[in-house]
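Enquirer: Each chain is listed here by its residues.
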Amino acid sequence: MSRPAHRKPGYHKTNKDLFVLTYGALVAQLCKDYEKDEDVNKYLDEMGYGVGTRLVEDFLARSCVRRCHSYSEIVNIIAQVAFKMYLGITPNVTCNNSSRNEFSLILDKNPLVEFVEELPTGRSSLCYCNLLCGIIRGALEMVHLAADVTFLQDRLKGDSVTEIGIKFLKKLDKKNIGRKNEK
Amino acid sequence: MSRQSNRGTESKKMSSELFTLTYGALVTQLCKDYENDEDVNKQLDKMGYNIGVRLIEDFLARSNVGRCHDFRETADVIAKVAFKMYLGITPSITNWSPAGDEFSLILENNPLVDFVELPDNHSSLIYSNLLCGVLRGALEMVQMAVEAKFVQDTLKGDSVTEIRMRFIRRIEDNLPAGEE
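Taken in order, these protein sequences are the chains called A and B.
Take 1 as the starting number for the first sequence in full-length UniProt numbering and just add one per residue.
Take 1 as the starting number for the second sequence in full-length UniProt numbering and just add one per residue.
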């Protein structure tokens, strides 16, 4: 149903509780549709991918970020600019390997779960916020960066923090960031 | 799954595009699940109702509005405070009925439809119908039974989007709102 985004005058910065509750309605609907948590997680990720491929255009227009020269710059922008803009939080960034292509975003607060006390019975493998992983993956793909994005820890599952892992799949070639990859 | 909201220290504001796109994903999923537009519209209204009965508490806490003395005050609060807070727009209020029990909210911009065109096979879809449910659920929690419905929609080629609000009756009993 979507058409290309075009910039409307007037910039909407709004209270996020209506969004948070609508997100809950989306997850609840998918839980009605799919018996298995893996399927709900998959569809949340796919939907997120679709959202991310469109959201990135809005993000680049609003944030005026300059070209990045490393994966860690990119992840810092995701954490400090994108998360701030769209969710009002700034996750911490850690780098998980010496090749510097695997990172984590540590979410101390997660507004999407503000009204969620615990996962429903029988839904212990649900990645409630999996839309976010798809969004990051879709957005990165639109700037020609392939990445695996998954939840590594989740407070809703009893972990002490919520952690999103981002693993860039191609060895970094500085010339190719933002350009179509040669096949 | 829900509990009372817990105020953290993060910013309470967000850019609305993420909400707009997520809402679109929700409507798309419902269109896959239900064969006809009327069922999607009904489901959106029901979801909106359940959201409204929770959102009102947050709204009253944040906005510090006092009790409204009549439906006109209620209309002002809905348009100038609630819509502003959650959607960043201020609809205008028009077309009051002589009895003062019906009015229209005219939305010149509707952020929910920023990226949207209705496909031909969904001409009866009331895309933003969640909002009608939210209004209905929220007002029920402050003892007002109302009807809210879209009577014009820019997605359908109308020049504005218009939500018609009708006051049905005051709810005297303080029974907890059940989920529909």
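You may find that some hints are simply not true.
Under the rule of at most 30 Å between Cα atoms (straight-line distance), these lysine-lysine pairs were calculated in the DSSO-like manner [as the list claims (entries may be wrong)]:
id, chain 1, residue 1, chain 2, residue 2
1, A, K32, B, K32
2, B, K46, A, K157
3, B, K42, A, K36
4, A, K32, B, K46
5, A, K157, B, K84
6, B, K80, A, K170
7, B, K84, A, K109
8, A, K109, B, K42
9, A, K36, B, K12
10, A, K84, B, K80
11, A, K42, B, K84
12, A, K84, B, K13
13, B, K156, A, K36
14, A, K13, B, K149
15, B, K149, A, K109
16, A, K42, B, K32
17, B, K42, A, K42
18, B, K32, A, K170
19, B, K42, A, K84
20, B, K149, A, K84
21, A, K32, B, K80
Incomplete in silico selection of chain A near chain B, CB under 10 Å [stated by the list, open to error]:
id, residue
22, Y23
23, G48
24, R62
25, L87
26, P111
27, G122
28, S125
Simulated from the structure, these hints should not be mistaken for lab results.
Since we're looking at a predicted model, the values are computed, not measured.
Even glycine gets a Cβ: it sits at the ideal position worked out from N, Cα and C.
Enquirer: For each hint, tell me whether it holds in the structure or not.
Expert: Taking the hints in turn, this is what the structure says about them:
Proximity of K32 (chain A) to K32 (chain B) is assessed by CA-CA distance (about 13 Å); at most 30 Å being required, the pair is judged to hold. Between K46 (chain B) and K157 (chain A) the alpha-carbon distance is near 29 Å, which keeps this suggested pair within the 30 Å criterion. Pair hint K42 (chain B) plus K36 (chain A) holds up; C-alpha atoms about 26 Å apart against a cutoff of 30 Å. For the hint linking K32 (chain A) to K46 (chain B), the alpha-carbon distance of about 15 Å falls within 30 Å, and the restraint holds.
Taking the CA atoms of K157 (chain A) and K84 (chain B), the gap is about 35 Å. The hint is violated against a cut of 30 Å. In summary, the hint linking K80 (chain B) to K170 (chain A) is not supported, as the alpha carbons are separated by about 50 Å, beyond the 30 Å threshold. For the hint pairing K84 (chain B) with K109 (chain A), the CA-to-CA distance comes to about 25 Å; that is within 30 Å, so the pair holds. Distance hint between K109 (chain A) and K42 (chain B) is unfulfilled; the C-alpha atoms sit about 34 Å from each other, more than 30 Å.
Using a Cα cut-off of 30 Å, the hinted pair K36 (chain A) and K12 (chain B) is violated, with the two alpha carbons roughly 33 Å apart. Between the alpha carbons of K84 (chain A) and K80 (chain B) the distance comes to roughly 26 Å, so the proposed pair stays at or under 30 Å and holds. Between the alpha carbons of K42 (chain A) and K84 (chain B) the distance comes to roughly 34 Å, so the proposed pair goes past 30 Å and is violated. The hinted pair formed by K84 (chain A) and K13 (chain B) meets the criterion: a straight-line CA distance of about 9 Å does not exceed 30 Å.
Restraint check for K156 (chain B) and K36 (chain A): not satisfied, since their Cα atoms lie roughly 37 Å apart, outside the 30 Å limit. For the hint linking K13 (chain A) to K149 (chain B), the alpha-carbon distance of about 26 Å falls within 30 Å, and the restraint holds. With a C-alpha separation of about 36 Å, the suggested pair K149 (chain B) and K109 (chain A) falls outside the 30 Å cut-off, and the hint is violated. Taken as a hint, the K42 (chain A) and K32 (chain B) pair is honoured in the structure, with Cα atoms around 16 Å apart against an allowance of 30 Å.
Annotation: proposed proximity of K42 (chain B) to K42 (chain A) holds, straight-line Cα distance about 26 Å (limit 30 Å). Taking the CA atoms of K32 (chain B) and K170 (chain A), the gap is about 35 Å. The hint is violated against a cut of 30 Å. Distance restraint check for K42 (chain B) and K84 (chain A): the Cα-Cα separation of roughly 34 Å exceeds the 30 Å cut-off, and the hinted pair is therefore not satisfied. Between K149 (chain B) and K84 (chain A), the direct Cα distance comes to roughly 35 Å. Violation of the 30 Å bound is thereby established for this hinted pair.
At most 30 Å may separate the alpha-carbon atoms for a hinted pair to count; K32 (chain A) and K80 (chain B) exceed this at roughly 36 Å. A cut of 10 Å between beta carbons decides the hint on Y23 (chain A): the least distance to chain B is about 6 Å, and the hint holds. The closest approach between the C-beta of G48 (chain A) and any C-beta of chain B is roughly 8 Å, which is under the 10 Å cut-off, so the hint is satisfied. About 7 Å separates the beta-carbon of R62 (chain A) from the nearest beta-carbon of chain B, less than 10 Å, and the hint is met.
A hinted interface residue such as L87 (chain A) counts as satisfied when its beta carbon comes closer than 10 Å to some beta carbon of chain B; here the least separation is about 6 Å, so the hint holds. The criterion of a C-beta within 10 Å of any C-beta in chain B is met by P111 (chain A), whose closest approach is roughly 6 Å, and the hint holds. Here the hint on G122 (chain A) is broken, as its CB sits about 12 Å from the closest CB of chain B, past 10 Å. Contact between S125 (chain A) and chain B, as hinted, is not supported at the beta carbon level, the nearest pair being about 15 Å apart and thus beyond 10 Å.
Of the numbered hints listed earlier, those contradicted by the structure are 5, 6, 8, 9, 11, 13, 15, 18, 19, 20, 21, 27 and 28.
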